[in-house]
Amino acid sequence: MQDFLYVLEAMVSPSIIFAAFAGCLWGMMGGSLPGISTSIAMALLLPFTFDLNPSTAMVLLASVYVGAEYGGSIPAILIRTPASGSAAATVFDGYEMHRQGRSGEALGLSLVGGTIGGLVGLVVLATATETVAQLALLFTPPAYAALGILGISVVASVSSGAMVKGVIAGILGLMIATIGTDPISGIGRFIYGQADLLEGISIILIMMGLFALSEQMMQAGQPDMAAAPEARRSTRLVLPSLKTLWRLRVPQVIAWVLGLIEGLTPGGGGSIASFMSYNEARRWSKEPEKFGHGSEEGVIAPETANNVVASTALIPTLSFGIPGSNSTAVLLGALLIHGLQPGPLLFARHPEVVYGLFGGLFVANFAMLVLGVILLSPIIWLVNQPKPYLQGGIFILIMSGVYSVNNSTFDLGLVLGIGALGFILRALSFPLLPMVLGAVLGPMIEANYRRSLLMGGGDPIIFLHDPLSATLLALALLMLVTSFIRETRSSVHF
Amino acid sequence: MRSRLAIIGVEGWAGLVLLCLAIVYWLQADALPRSALGGSIGADGLPKLLGVALGFMSCLLILQSILASPRIRQQKRDDLPSRTEILRAVGFWCIGAGFVLVLPWAGYPVAVAAALTTIGMYYGRRPSLRLLAFAIAGAVIFYLLFQKLLGVPMPQGIWPDLFGR
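One line per chain: the protein sequences are A and B, in this order. Oh and the first sequence: position 71 is 71 in this note's numbering, straight run, nothing missing. Oh and the second sequence: position 129 is 129 in this note's numbering, straight run, nothing missing.
Accuracy of the hints is not assured; some may be wrong.
Cross-link-like lysine-lysine pairs, in silico, DSSO-like; alpha carbons within 30 Å at most [said to hold, decoys possible]:
#1 K286(A) / K243(A)
#2 K76(B) / K290(A)
#3 K243(A) / K290(A)
#4 K76(B) / K286(A)
Calculated directly from the structure, the hints in this document are not laboratory data.
Let the sequences and hints guide you as you build the complete structure.
Set out below in structure tokens:
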């Protein structure tokens with residue numbers, strides 16, 4: 001009862017409400033700028049929290065996290081530029097909806113789906129933190145590696161009519177992830193004397209190049225060069241009706257479940273949850289053929305999932321002190337700065353901070369909805385300007401965002417190269433999604449693959465001895481084989 | 001050349017290029033130095049596995065392309081962008097490359113204004129006061145957003161040295 005009072009107290013506290021709105025606004029702004037990731041937006045605000053009381057500071061930072069997770073979907077839908085990994089899966093149907101003049105509808109789905117998802121995640125966070133955190137303990141290194149492989153296999157197998165190309169794209173993504181210093185031996189791999197490559201290629205550069213720059217190159221080839229985008233007629237936000245939300249209940253429930261599981265899994269994060277939700281929503285959809293062509297389900301599933309993760313990712317952070325992502329690592333740092341030690345004792349010693357944070361997050365989700373309604377219509381108007389102005393603005397936004405990651409002009413050259421690669425792959429009808437997922441999951445897969453082999457004395461049989469790993473790998477194989485047979489049957493002429 | 005393309009198909013050629021990439025990547029991985037810190041698997045463990053996997057999948061792609069019906073092969077050729085589309089895309093890419101080359105010495109605001117003007121003209125706008133105003137306004141807004149508000153140290157170019165003297 002006392003815990004519930006802490007939650008209520010936070011929800012009516014003016015300082016908490018202000019922190020939630022301010023954090024959310026900053027997060028939406030930072031999250032929507034390519035290159036300014038969620039963790040960077042949070043880190044930029046960290047110095048301002050030193051003088052705040054711990055509850056307000058935590059709410060401020062967690063609200064940035066909530067706002068940024070949503071903000072990433074704005075450029076993903078409007079300019080095919082996902083500002084974060086967790087918004088990458090939104091690009092496909094969100095941008096298609098924009099091209100069809102349904103920007104307001106896509107942003108409305110993303111906003112409301114995200115808000116509901118955030119609230120669902122929050123309920124789980126508040127009620128079951130300590131119990132459900134035990135699930136994460138089931139994942140051994142072989143299971144983690146298998147989970148990553150399953151993720152890529154799922155995405156590749158549903159690449160419409162192009163499973164082989166999807167797997168190839170996934171492997172190319174994994175190859176890109178191997179560039180840089182090997183974290184175990186310290187050996188530089190595939191860097192060819194370039195010091196700028198020692199830390200590897202940032203995932204944001206890969207996404208900017210593959211998605212955004214390749215799209216700009218595609219757009220440059222279109223004949224309607226001087227015209228405004230097709231979506232000019234849609235300039236206002238359209239919130240989904242209750243009937244629409246009920247019709248879209250299946251992808252939302254899928255996203256809730258996957259968002260919950262991924263949030264609990266350290267290293268999982270919003271990217272995997274949104275990719276998996278997108279694919280599962282497609283698998284369970286009555287209209288799978290609409291995916292990739294402006295499907296509402298294809299927008300609401302990933303957007304709901306990444307907002308569920310924004311809440312549930314706090315569970316391992318608060319319960320075990322294990323941050324699942326860079327963003328929760330910043331939050332963990334802020335806890336420590338304020339003298340709060342994460343772990344089970346945090347709930348006993350500082351309930352006002354923990355439950356105050358839950359209350360603040362509730363306000364933050366509400367703030368996201370309000371700010372979204374106010375800000376999105378002007379943003380849609382801005383994006384519907386004629387191509388000559390719009391394309392220049394997008395190009396500078398991409399380049400400025402890329403530069404701000406490492407303050408390096410080398411990165412700009414790199415992103416141009418990746419953009420050219422993306423253009424070639426798109427021209428040859430290779431799906432880009434598995435490639436991005438491969439690059440995102442590469443470090444996690446490699447670390448756990450090597451750890452597993454070390455545990456098994458170099459014998460790969462360990463992946464089959466672990467029941468969870470064996471199940472996940474069998475699922476991956478099953479999906480790939482069935483998809484390959486289906487694809488070959490439809491195209492081969494005997 | 002055209003008949004060869006017809007036999008193996010666009011995807012078959014893509015598969016051949018990928019197969020070459022897989023071989024080169026595997027050889028490069030094999031050439032990685034060994035370290036006692038790397039454990040029994042080593043830094044080359046996963047890359048070699050990926051090289052083999054890419055090689056295998058490339059062969060599948062080639063096989064698929066060879067076995068594909070002539071109708072599907074023709075359809076895939078038709079799906080390729082036209083020469084004009086490719087040339088315009090390359091042109092846009094060159095503007096991007098120009099921006100990257102100019103940025104370090106021209107500085108962020110000037111390079112941004114120049115890029116906005118060039119892209120506007122590339123998309124068919126004639127040089128005009130309106131385009132110039134758009135470029136200057138864009139440069140100021142982006143400068144204020146990234147340099148001042150977010151504190152990203154954007155390249156200053158030669159201007160501080162010039163005015164410093």
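Hint-by-hint comparison with the structure:
1. K286(A) / K243(A): OK: K286(A) and K243(A) at ~17 Å, within 30 Å.
2. K76(B) / K290(A): Within the cut-off at roughly 21 Å; holds.
3. K243(A) / K290(A): holds (20 Å)
4. K76(B) / K286(A): holds (28 Å)
Of the hints listed earlier, there is not a single one the structure fails to meet.
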